[in-house]
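Using the hints, put the two standalone chains together into the complex.
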Amino acid sequence: MKIVKGAGTVPDREPPVPGDAPAGEPRQERRTRWQSLRGRFDRRFSPYLFIAPYFLLFGIFGVFPMLFTFWVSLHDWSFIGGKAGFAGLDNYAFLVTDAKFWNALLNTLGIFVVAIVPQLLIALFLADTLNRQLRWRGFFRMGVILPYVTSIAAMAIVFGQLFGRDFGLINLSLESFGLDGIDWRSNRLASWVAIAVMIDWRWLGFNTLIYLAAMQAIPRDLYESAAIDGASRLRQFWQITVPMVRPTIMFTVIIATIGQMQLFTEPVIFSADYRGGNQNQFQTVAMLMFEEARQLDNFGYGAAISWIIFVLIVIFAVINVLFISRIRSAT
Amino acid sequence: MTRGRRGGRAATAMAGSAALLAVAACGNGEADEAGESTGGDVHLVLETFGTFGYDELISRFEEETGYTVDHRVTGEHPDYAEALEQNIAAGSGAGDVVALEEAHMAKMLEQGDAFHDLYDYGAGEMEEHFLDWKWELGHSSDGRLIGLGTDVGSLAICYRWDLFEEAGLPTDRDELTETWQTWEDFLEVGLEFRDAGMDEAFVDDVGQFYTAITRQAGDAIYLNRDDELIMDSNPVVKEAFDYAARLAEEDLTAALDTFSDDWNAGIQAGTFATMTCPAWMLGQVEESAGDAGEGLWDVAGVPGEGGNWGGSWLAVPTQSEHPEEAAELAKFLTSTEGHLGAWEEASNLPSSVETLEMDEVQGWTREYFNDAPTGEIFAEGALDLQPYYMGSGHVGVHEAVGAYIDDMQRGEIDPEQAWQDALAEAERAVR
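Chains as they are written, first to last, in the numbering used here: chain G, 237 to 567; chain Z, 2 to 432.
Hints may contain errors.
[What the hints assert, rightly or not] Which residues of chain G face chain Z? A few of them, derived with a C-beta cut under 7 Å, are: (1) Ser-282; (2) Tyr-328; (3) Gly-396; (4) Asp-402; (5) Asn-407; (6) Arg-424; (7) Leu-532.
FYI, nobody ran anything at the bench for these hints, they're computed from the structure. Backbone N, C-alpha and C fix where the C-beta goes; we use that ideal spot for every residue, glycine too.
Same shape as in the complex, but just chain Z (with noise of 0.2 Å):
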C-alpha cells in the first residue's frame, strides 16, 4: 500500500464494508462453512477496558470470518495499562489486537516497534474516513501507523435541571448553552446558583473543569514537543489553575476526588448541580445516579471552544500469532460500522467523520438524561476539535497537579502554595 495517496480510498473502504455486509447477510450456515475451510481455527484475544460497546460487533466478526475472538476487558485504565506495559516488556502476553488510551499513547508510541505498522496490512485506506488529527496521533515518530482510532471525548456539561430550577435559573438546555458562552459565564451562573441559597455546590470538582480548560485550548499542555517541561511558561495551564482556584474561592464546589466513593454518592445523593462530561462519563453519571436519578439530569453545551478529553487507539502488538487476521479485527472495529456499533452499544463518540454524520448518530436522543439530543451536542463538538500533545511525562505531572488542586478546593492549602507545590513536583516528575 502507498502511503498518504488520497484518490478513491472511501469508495474502496465502502466497498470493502459493503462485501463484509454482504457475508454477514449470508446464512449462519454458510458463514461456519466458510470459517471452517479458511480460518476456524484462528483464535484471536482483544484487549481493552472499560466499556468499549464491542459485544455486538465481535459477534458478527466472528460470523463474518470463522475466527473465535476472546474479549478480554479490565476494570480501571490504571490497571489496563499496567498489566499492558508488563506484556510489551515481555514480549508475551499481550493480546493480538489491545486498545491504547490517549494518555498512555505517548509512551506507547515510544515503543513503536513493539507494534506492527498498519500501513502493511491496507489500513491506509482508512485515513479518508478519521478526523484528521485522530489518524496523525495514531503514527509513531518515524512514521509508522501504530494504532487506529477508535473514539474521542468531546465535552459537554452535565446538569440537575431540578437544582436550576429550585435556584430560579433557566432549566433548557439551549437556553443555558447559549447563557454560557464562556467559563466567565459559566461563574457567574454558578454565583447566582450560590446566592439563590443553594445547599447544594454548584461543580463537583474544580479538578475537572481545570482538565477541561487546558484541553480546549489544543496544542501543547505540560510538555512542549522536545518533551520538556513548560508548565510555568504555558499560559494556558496558569488561566485553567487560577479558574479552578476562583471557583474554590467562591464557594462553589463540592470540594469531591472525581471516581472516589464520596464523589460517586455525591451523584447519587446530588450534592452538586453541574459537571463536566465528555461523552464517555454519560454512562458513568448514569450508573453512579441509578434508577432514582433518571430524568433529573440534562446535558448542555460546554464554555469556551470545544475540546476533546479522552479516546483510544487499536494496536496490533508484534508478539501477536496471527498479525494478519489481527488487523482485520482492528480494521473492522474502526470501520465506519465499527465506530457505529460501539455508538449504538456503549455511546462511545465516533472519531470517524463519516459516522458523525451519520443520521444514526446526530439524531440520537438519551433518555436518562431527560431525551437530551446526545449525538448532536457531542458530534458537533467532534467535527472541529483541537487535538494536543501530551508527552510520555504528562501523566504523571498531571497526577501531581490534580492533587494539588483538590487539596487546593478542599481547603487544606492556598493557592499560591498550592501552584508553587504543583510546579515543584511537576518538575521532579519528569527530572
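So that you can see chain G by itself, here it is in the shape it has in the complex (with noise of 0.2 Å):
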C-alpha cells in the first residue's frame, strides 16, 4: 500500500518540479509524479524524522557534553573562574602519576567484587526459588523490588544508624555478643562490605526479576523429563536452569559493570562526602572527581578523570563481549 501523506491538501499550490520536467505538460500528470515522489521521499526519511527527536537530544545531552568534557581536560579549568590556558595532556599525565586515583580506582574495582558476585548469585538462587509453586508468590515476588523503589534519602538515615561505630546498630548487637565493634568507616574492607549491602539491598530485587522473567521462557518439559530420569533440584538448577538463562546473566554482568564503574550514591551517602574515609578508604574513581572538580576546583583534572571512567567502561563492555562470544562459540 502506497503511503501517500498530506497529497491532495494544497492543490492550488504549484508544486516544485524538477527542472527536466516539459514545459507543456499536462497538469494532471505532474500531479501524480509529484505524489510518488513524496511518498518515496516519505518511506525512505520518516523513519530516520520519528526517531530524530531522540538523537536530537541525545546529541545536545550525551554527544556534546562528552566532546566539551574532553575540550575541558585539555586545559587548566576552574568552576567559576574559567578557562586558565590549554594544558594539553599534562591532566592525563599526572592522573597517572597519582596515587589518589589509583586506590580509587582499587576501590571502585574491590567494592565491584565484594557487591556484584554474591549479589549475582543470591539474585539467582531467589529468582528460582520464586519461579517455583510457592504460596503467595506474588506477594514474594513484589517483594523483592520493593528496596527499589525506597528513596535515597531514607536508605542514607536508615544506613548511617545500621553501621555507625559508637550508636550504630550492628555494632551495639555485636557487643552484646561480647564481641569488638567495627569501626565501619576506617577500616577499608568493612567500609567495602558495608557498601556492597547497600548496592545489594537496593539492586538485588532488580536482578531477581529479570532471571526470573528469563526462567519464566523455559520449557517446563525440559525439567520433568529431568525428575524423571532422577536429576534432583540442584542438579536441575545447574544444568538446565543456568545454561538457559546465561544471555540474561551476561546481560546483567554488563549492566553492573556499567553502574558499577560510575559508583558514586551509596559511597557518598556512607561517607557524606566525597572524600570516602579519611584515607580514601572507599573513595570511588567517580567521587575523586567530585572532589577535584567541585572542592578542589580542578575542573580541568576532573574532567580527565571521567574522561577515564568512559574509557574503563568501554573496555570492560568489549571484554565482556568477547566473553560471550566465545560461550556462544562454544555451546
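And the structure:
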C-alpha cells in the first residue's frame, strides 16, 4: 500500500518541479509524479524523522557534553573562574602518576567484586525459588523489588544508623555478644562490605526479576523429563536453569559493570562527603572526580578523570562482549 | 560616596536607623500604602544557610519598605556554597542578597566582578560600627566593598558541669576560665579528669581543638598572602597538630568526627565532658542534646588568646535585577539594629562593635546552658579578635589535615605518619 501523506491538501499551490520537466506537460501528470516522489521520500526518510527527537536530545545532552568534557580536560579550568590556559595532556599525565587515582580505581574494582558477585548469585537462587510453586508467590515477587523503590534519602538515614561506630545497630548487637565493634568507615574491607550491602539491598530485587523473567521462558518439559531421569533440584538448577539463562546473566553483568564503574551514590551517602574515609579507604573514581572538580576546583583534572571512567567502561564492555561470543561459539 | 573618610558616619548611621525606626513605628496601613506607590512590586530573594536569625528582621524590613522578601535557606553550608558557585558561574539564579561564609569568602572575592561594589550604594558610611578586620575582609583585592559583615564566632569552651563534679573538679565557669589560662593548663585538667577514673572522654574531637588553636594565632594559617603553602614552615600549625596528638595519646578524646551521627549521639548520651564552642555552636549543642541535656552544659572562657571561628558576609551579585533595593536589604540586616535582631533570634554574635557593647548583648544569659552569661563571654572575646588570612585553597588543605587528625585520634595512624601524609595531600590539593 502506498502512503501518500498530505497529498491533495494543498491542491492550488504549484509544487516545485524538477528542472527537466517539459513545459507543456498536462497538469494531471505532473501531480501524480509529484505524489510518487513524495511517497518515496516519505518511505525513505520518515522513519529517521520519527527517531530524530531522541538523537537530537542525545546529541545535545549526551554527545556534546562528552566532547566538551574532553575539551575541558585539555585545559587548566576552574569552575567559576573558567578557562585558565591550554594544558595539553598534562591532566592525563598527572593522572597516571596520581596515587589517589589508583587508590580510587582499586576501591571501585574492589567494591565491584565484593558487591556484584554475591548479588548476582543470590539473585539467581532467589529467582529460582520464586519460579517454583510457592504459596503467596505474587506477594514475594513484589516484595523483592520494594527496596528498589525506596527513596535514597531514607536509605541514607537507615544505613547511617546501622553502620555507626559507637551507636550503630550492628555494633551494638556485636557488643551485646561480647564481640568488638567494627569501625565501618576506617577499615577498608569493612567499608567495602558496608557499601556492598547498601548496593545489594537496592539492586538485588531488580536482578532477581530479570532472571525470573528469563527462567519463565524455559520450557517446563525440560524439568519434567529431568525429574523423571532422577535429577535432583540442585542438578536441575545447574544443568538446566543456569545454561538456559546464560545470555541474561551476561546482560546483568554488563549492566552491573557499567553501573559499578560509576559508583557514586552509596559511598557518598556512607561517607557524607566526597572523600570516602579519612584515608580515602572507599573513595571511588567518580567520587574523586567530584572532589577534584567541585571541592578543589580543578575542573580540567575532573574532566580527565571522567574521560578515563568512560574509557574503562568501554574496555570492560569489550571484554564482556568477547567473553560472550566465546561462550556462544563453545556451545 | 567618598571612601575612607571617617567623620560623622556614626551620626549618619544612627540618624538612618532612627528614620527606619520612625517608619516602623508608623501604623501598618501607612507602611502598606507607601509600599504600593514606591516599591510594591519589588521582590527580593535573600539566600542564606544554617541559622541567620533573620525572620523577625525580614518582616520588619518588608513593613518599612513595602518590598517582598523571599528568604531561601539551605541547611548545610557545603550544599549552599556549591549551588551559589553554580549560579554565580552561570550568571543567573543567585539571590539578590547572598551570604558568603568565611572559608568560602576568599574564593568568592576572586570573583569580585560578579558582585556589586557596595560603596556605590552608600555602604561606606557603615564602616564605623564594624569590627575593623571584619570590615577589611569584606573587600576584594582591588578595594571594592563586596561583603558587609554579619556574625563572628568568638571561642569558648562548653563543658558538662555534672561530669566535672563527678571527677572532683571545680564546676564554676569563672573558676575554670581562671584554671585553664593556657592550653597546657587545659590538658592538665584533662589528665586529672581521666585519672579520676571517669568513663567519659575529656574532649569530643581533637580536630576541633587543632582548628581553634590555629585560628587563635591569627594571620596566615596554611597559605600566605601570595597563596603559597606555608603549612610546613608555619610553627603555629605544627604546634596545634602536636597538641592534638598529645590529647589523643593521653587518651583524652572520644574520637568523634564533628557533625557525624556518632558525634550527635555522643552529645546526647554525654560521652565526653568538653568541646570547643564558637558562638554558633551553642545552638547545635542545644539541638543535639535536647531537653534531657538542659542545665547540664555550661560555658567557660577559652584557653589561650581569644580567637575567631566562622562568620559570614552579605553580598549583592551583579545579576540582581534590583541592586539598589538589594543593597538596602543587606545594609539593613548588617546595621546595628540588624545585628541585634540576629543576636536575639539566633544568638549569632554581632560583628558590629556598637551592637556588641549594647546591654542587650552584654547582659544576655542562656537558660539552657545553666544561665551562663554567654553575651558577656562571647562579646568580650569578639572585641579583641585577631583576623586571619585563609586563601582560596584553605578549605581543601584543611579538609585533608582534618581527615588525618581524625584517623590519628582513632589510632589508625601514628602522629608522625599522619603529619607526613597530611602534608603530602595538602601539597597535592594546592598544586
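Going through the hints against the structure:
1. The beta carbon of Ser-282 of chain G is not positioned within 7 Å of any beta carbon in chain Z (closest approach about 39 Å), and the interface hint is therefore violated.
2. Interface hint status for Tyr-328 of chain G: violated, as the beta-carbon distance to the closest one in chain Z is roughly 15 Å, over 7 Å.
3. Contact between Gly-396 of chain G and chain Z, as hinted, is supported at the beta carbon level, the nearest pair being about 5 Å apart and thus within 7 Å.
4. Hint on Asp-402 of chain G holds. Least Cβ distance to chain Z is approximately 5 Å, under the 7 Å limit.
5. A hinted interface residue such as Asn-407 of chain G counts as satisfied when its beta carbon comes closer than 7 Å to some beta carbon of chain Z; here the least separation is about 10 Å, so the hint is violated.
6. The interface hint given for Arg-424 of chain G is violated, since its Cβ lies 10 Å from the closest Cβ of chain Z, which is over the 7 Å cut-off.
7. A distance limit of 7 Å between C-beta atoms decides the matter here; for Leu-532 of chain G the minimum to chain Z is near 5 Å, and the interface restraint holds.
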